[in-house]
Amino acid sequence: DGGITQSPKYLFRKEGQNVTLSCEQNLNHDAMYWYRQDPGQGLRLIYYSQIVNDFQKGDIAEGYSVSREKKESFPLTVTSAQKNPTAFYLCASSIVGQGLSTQYFGPGTRLTVL
Amino acid sequence: EDKVVQSPLSLVVHEGDTVTLNCSYEVTNFRSLLWYKQEKKAPTFLFMLTSSGIEKKSGRLSSILDKKELFSILNITATQTGDSAVYLCAVSTGNQFYFGTGTSLTVIP
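Taken in sequence, the protein lines are chains A and B. Going by my numbering, the first sequence opens with residue 3, and the numbers climb by one from there. Going by my numbering, the second sequence opens with residue 467, and the numbers climb by one from there.
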């Protein structure tokens, strides 16, 4: 089946530890995105990538890092520099083009920092 | 600064009511406007709008875009408890998607 997978679904970490969230897609999409969602809020863009080996900061990139070594994969690392990392993280992908493509979302990873 | 604003933030209605959700935007390089439904998990796609005045319809849901006044509405008629969700509006520029904070809809039996 085509789609986006994120793992794990739930993640618990101690304060001060780095953690990497996985995102894989087999839709052959060029663009991939990471969003953060806090309770009662919309989606805020962390990073996005439109091509392999290139990515751009979103609105709230501080304390996060990404890599895009393969078209299918866009892992997100939440570093210890992120002051309030507990949140729901969504990965998405889309076709790069004229803005006439929807985004497809993965199931999300709920990160809790203890 | 590009922004998308949704209203109301939350809404509680009874089954059978009709609701209208609003989305206004100020985004340079507008390409399309999208509506999503989110039920405590990943958002699911509802509509994509690119042209003014053309209604998109799916069952009891419909949406329309006004590119002159920079807004869109999402209508839900004869609401059901299964419509309870957060409805997100997003604007695409081709490079990025800008999301509003969402409207939380609760439908009471």
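Just so you know, these hints were derived from the structure itself, not from any lab. Be a bit skeptical, because a hint or two may be false.
[What the hints assert, rightly or not] If the Cβ cut is set under 8 Å, some of the chain B residues that face chain A in the computed set are:
{"#": "1", "residue": "His480"}
{"#": "2", "residue": "Leu500"}
{"#": "3", "residue": "Pro509"}
{"#": "4", "residue": "Phe511"}
{"#": "5", "residue": "Phe563"}
For glycine and all other residues, C-beta sits at the position ideal for the given N, C-alpha and C.
Here is how each hint holds up against the structure:
no., hint, result
1, His480, "violated (23 Å)"
2, Leu500, "holds (6 Å)"
3, Pro509, "holds (5 Å)"
4, Phe511, "holds (5 Å)"
5, Phe563, "holds (6 Å)"
Of the numbered hints listed earlier, the single one contradicted by the structure is hint 1.
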